[in-house]
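From first to last, the protein sequence lines stand for chains A and B.
Under my numbering, think of the first position of the first sequence as 1, with each following residue one higher.
Under my numbering, think of the first position of the second sequence as 404, with each following residue one higher.
There could be a bad hint or two in this list.
As the list claims (entries may be wrong) - Computed footprint of chain A on chain B; a stretch qualifies when at least three of its residues, placed anywhere within it, have a C-beta under 8 Å from a C-beta of chain A:
1. 419–432
2. 530–544
3. 713–723
As the list claims (entries may be wrong) - Facing chain B, a subset of chain A residues (Cβ under 8 Å, in silico):
4. THR299
5. TRP304
6. LEU307
7. GLU319
Calculated from the structure, these hints are not laboratory results.
In this text the structure is predicted, and so the values were computed from the model without any measurement.
Backbone N, C-alpha and C fix where the C-beta goes; we use that ideal spot for every residue, glycine too.
Protein chains: 2
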Amino acid sequence: MGHPTDGRAGDRGVVVVGGGLVGRVTAWRAAQRGLSVTLVEPDPVADPAGARAASTVAAGMLTPATEAVFGEEPLMELGVRSAAMYADFVTELEEASGLGVGHRATGTLLVAFDRDDLAVLTELHELHQRLGIATERLTSRGCRRLEPMLAPSVRGGLLAPDDHSVDPRRLLRALAVAGERAGVTEIAGRAEEVLAPGPDGTRLGVRLDDGRLLPADQAVLAAGCWGDAVGVPEPVVPPLRPVKGQLLRARVPAGEPPIVGRTVRGLVRGFPTYLVPRADGEVVIGATQEELGHDTSLTAGGLWQVLRDARELVPGVSELEITETCVGLRPGSPDNEPLLGPTRVPGLHLAAGHFRHGVLLTPVTGEVMARALTTGVLPEYAQRFAADRVFGGGGTTKRKQWE
Amino acid sequence: MGHPTDGRAGDRGVVVVGGGLVGRVTAWRAAQRGLSVTLVEPDPVADPAGARAASTVAAGMLTPATEAVFGEEPLMELGVRSAAMYADFVTELEEASGLGVGHRATGTLLVAFDRDDLAVLTELHELHQRLGIATERLTSRGCRRLEPMLAPSVRGGLLAPDDHSVDPRRLLRALAVAGERAGVTEIAGRAEEVLAPGPDGTRLGVRLDDGRLLPADQAVLAAGCWGDAVGVPEPVVPPLRPVKGQLLRARVPAGEPPIVGRTVRGLVRGFPTYLVPRADGEVVIGATQEELGHDTSLTAGGLWQVLRDARELVPGVSELEITETCVGLRPGSPDNEPLLGPTRVPGLHLAAGHFRHGVLLTPVTGEVMARALTTGVLPEYAQRFAADRVFGGGGTTKRKQWE
Numbered sequence: 001m002g003h004p005t006d007g008r009a010g011d012r013g014v015v016v017v018g019g020g021l022v023g024r025v026t027a028w029r030a031a032q033r034g035l036s037v038t039l040v041e042p043d044p045v046a047d048p049a050g051a052r053a054a055s056t057v058a059a060g061m062l063t064p065a066t067e068a069v070f071g072e073e074p075l076m077e078l079g080v081r082s083a084a085m086y087a088d089f090v091t092e093l094e095e096a097s098g099l100g101v102g103h104r105a106t107g108t109l110l111v112a113f114d115r116d117d118l119a120v121l122t123e124l125h126e127l128h129q130r131l132g133i134a135t136e137r138l139t140s141r142g143c144r145r146l147e148p149m150l151a152p153s154v155r156g157g158l159l160a161p162d163d164h165s166v167d168p169r170r171l172l173r174a175l176a177v178a179g180e181r182a183g184v185t186e187i188a189g190r191a192e193e194v195l196a197p198g199p200d201g202t203r204l205g206v207r208l209d210d211g212r213l214l215p216a217d218q219a220v221l222a223a224g225c226w227g228d229a230v231g232v233p234e235p236v237v238p239p240l241r242p243v244k245g246q247l248l249r250a251r252v253p254a255g256e257p258p259i260v261g262r263t264v265r266g267l268v269r270g271f272p273t274y275l276v277p278r279a280d281g282e283v284v285i286g287a288t289q290e291e292l293g294h295d296t297s298l299t300a301g302g303l304w305q306v307l308r309d310a311r312e313l314v315p316g317v318s319e320l321e322i323t324e325t326c327v328g329l330r331p332g333s334p335d336n337e338p339l340l341g342p343t344r345v346p347g348l349h350l351a352a353g354h355f356r357h358g359v360l361l362t363p364v365t366g367e368v369m370a371r372a373l374t375t376g377v378l379p380e381y382a383q384r385f386a387a388d389r390v391f392g393g394g395g396t397t398k399r400k401q402w403e
Numbered sequence: 404m405g406h407p408t409d410g411r412a413g414d415r416g417v418v419v420v421g422g423g424l425v426g427r428v429t430a431w432r433a434a435q436r437g438l439s440v441t442l443v444e445p446d447p448v449a450d451p452a453g454a455r456a457a458s459t460v461a462a463g464m465l466t467p468a469t470e471a472v473f474g475e476e477p478l479m480e481l482g483v484r485s486a487a488m489y490a491d492f493v494t495e496l497e498e499a500s501g502l503g504v505g506h507r508a509t510g511t512l513l514v515a516f517d518r519d520d521l522a523v524l525t526e527l528h529e530l531h532q533r534l535g536i537a538t539e540r541l542t543s544r545g546c547r548r549l550e551p552m553l554a555p556s557v558r559g560g561l562l563a564p565d566d567h568s569v570d571p572r573r574l575l576r577a578l579a580v581a582g583e584r585a586g587v588t589e590i591a592g593r594a595e596e597v598l599a600p601g602p603d604g605t606r607l608g609v610r611l612d613d614g615r616l617l618p619a620d621q622a623v624l625a626a627g628c629w630g631d632a633v634g635v636p637e638p639v640v641p642p643l644r645p646v647k648g649q650l651l652r653a654r655v656p657a658g659e660p661p662i663v664g665r666t667v668r669g670l671v672r673g674f675p676t677y678l679v680p681r682a683d684g685e686v687v688i689g690a691t692q693e694e695l696g697h698d699t700s701l702t703a704g705g706l707w708q709v710l711r712d713a714r715e716l717v718p719g720v721s722e723l724e725i726t727e728t729c730v731g732l733r734p735g736s737p738d739n740e741p742l743l744g745p746t747r748v749p750g751l752h753l754a755a756g757h758f759r760h761g762v763l764l765t766p767v768t769g770e771v772m773a774r775a776l777t778t779g780v781l782p783e784y785a786q787r788f789a790a791d792r793v794f795g796g797g798g799t800t801k802r803k804q805w806e
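Working from the sequences, and respecting the hints, build out all of it.
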């Protein structure tokens with residue numbers, strides 16, 4: 001028979017469902033390895049405002065150190081691995097696509113506001129030292145020497161010189177072009193159902209909502225928390241929790257200097273907040289974390305919270321011109337870790353559940369999925385994140401500190 | 404010769420520059436009186452989000468009592484006169500246009516937050532009693548009995564049973580249709596210059612930026628604070644100060660009851676704020692007052708201030724879904740009072756400088772301008788607001804308390 005999971009791609013190749021960063025890096029990397037790849041996505045990649053992909057909303061922090069959470073070391077290690085891949089990944093992708101992706105290797109400054117915030121930061125620094133991650137403790141004055149616009153009330157900070165940023169929208173467009181150049185066929189459409197191979201001779205395939213059927217040797221479900229709208233033959237997809245984020249894009253008034261020189265994250269009376277600057281003067285400011293199902297409404301309270309905390313961090317935020325308000329849904333798996341590779345349905349893979357880490361994990365996800373699609377197995381370092389792992393406690397959510 | 408100011412409209416009639424509420428009510432009323440009227444406006448009336456008219460941003464409060472400011476009694480009297488005209492005006496306009504305008508005769512509750520806010524409110528009540536305006540003092544409990552969603556920290560309030568509201572966008576559309584039905588010709592274009600009648604036989608006219616010339620017996624400049632882009636033959640237009648307002652439109656989540664039952668205004672630690680509810684669940688929340696020239700950027704600080712004060716007034720604001728953010732420019736004259744009727748240039752009238760009061764003053768402006776255009780003089784009650792009055796002090800700005 002030769003099931004697709006035996007690792008060899010057949011004539012009909014791979015269908016990737018979902019055109020966010022995860023779906024597109026998977027498609028590109030698979031096409032580079034000689035697989036015949038078709039990608040299905042309803043939203044045009046060039047219209048971020050109308051798109052539903054979390055990739056088009058995300059700020060683009062590549063910050064495994066300042067995102068670190070106690071008890072999540074394995075995920076942090078995957079993040080550090082992906083962060084270390086980023087410079088080469090960007091070079092290759094910009095070359096392949098001819099497009100820039102706004103990668104900025106300027107580090108991240110994490111600051112604390114009150115005594116409790118500072119205690120969390122101290123513990124985080126100890127964790128870094130234990131794990132050999134280079135970060136530097138700074139006094140309040142040290143923080144403001146680096147970032148003069150910071151509020152004087154900042155208690156202290158942590159400089160993470162290897163926590164960088166990228167522009168996810170530009171990354172997405174570059175992946176689309178690189179994929180196309182590598183031979184990925186894109187179909188503008190909405191996947192409705194994955195059809196399983198069966199004893200009656202049925203083959204694996206993806207059915208679109210307009211009735212078209214795309215036969216496949218292998219299929220990858222990479223539709224973020226919108227994946228639950230795609231029917232699957234067996235319950236092989238764990239529930240993906242949409243975690244709503246409200247944030248805004250702003251810019252300094254014409255002729256003004258940038259408001260911050262690097263990514264600045266803050267813990268403001270327990271509330272995490274961030275400013276991610278771009279070279280063109282844009283600043284992304286966020287973000288809420290709300291568990292409200294698929295609700296994507298912009299709320300007065302959400303926007304107020306984002307503005308309140310960002311203003312506390314950098315009072316000059318008040319002068320910024322708001323250019324866009326954004327709402328996205330982060331796809332959270334039952335244990336908040338990604339779901340990668342084969343499922344129990346022969347030929348059906350997942351690349352999902354990247355939660356807050358999709359942009360950071362894009363390079364490593366491309367590697368892991370390409371390996372899974374060509375060999376049927378995950379690399380050793382990614383086996384913990386196998387899509388067919390068993391979850392304890394039926395969907396318990398670990399609380400994260402640096403959200 | 405028969406100058407237009409002699410009161411008889413000639414063959415070439417009246418050209419109105421500006422399609423906001425003031426321009427459209429002037430055009431409609433003039434056409435009803437038999438004048439031949441052409442209205443020039445660049446922005447389509449049906450697209451409020453793209454329009455620059457303050458009319459499309461305004462909340463629509465018809466609140467002369469709760470807007471009252473000491474030392475501005477004459478303006479308040481004009482407001483009370485216009486408010487008293489509103490019910491009949493709406494009936495006539497809805498009949499003439501076949502469109503509803505969302506007039507809500509539900510009164511306004513004005514509340515105070517701290518001791519100083521309450522002192523202002525007490526003085527305002529005394530002013531009302533002196534002027535014979537019916538308002539009622541309420542305790543904190545009395546306020547919350549009327550509006551249960553009010554913050555418990557409200558100190559007390561003032562109920563103004565005759566301060567109502569209207570939907571300015573619907574009013575604008577109705578005036579456009581009524582004007583058209585009464586014979587107003589609308590030209591989609593931008594006025595560049597008013598040409599004066601001269602001894603060389605030049606006649607009054609309006610030149611558009613595409614070169615078209617509209618000859619006229621009379622012209623009305625009603626372009627709000629955008630009027631300064633229109634050239635005039637003599638310095639007969641006093642400087643109009645753009646006073647920027649940032650506000651937002653929101654709605655209660657589907658299935659939820661309205662957040663307030665009537666217009667609620669608050670003075671929150673000296674900051675004026677308001678919520679204006681519509682029958683369809685929309686709530687308009689505002690507004691900043693900023694003097695920054697023609698800047699119409701949405702700023703983080705402006706939006707934050709609006710959200711901060713509205714949340715203080717009605718904490719449930721946090722749950723509202725934001726549907727639109729708006730920035731408009733109120734046209735403030737040197738003394739903050741409107742400029743109505745003839746100027747020193749024969750045939751050229753102003754209908755401008757309505758500042759915060761354009762929606763409220765729409766009916767009375769229609770009457771005053773129709774009188775000016777047909778007789779050349781203003782009604783007695785409006786002579787204080789004559790466009791050719793002399794300003795003392797060259798543009799001093801009185802501070803307003805209930806902005």
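Practice task
Tell me, in ascending order, the numbers of any earlier hints that this structure violates.
Solution key: 1 and 2
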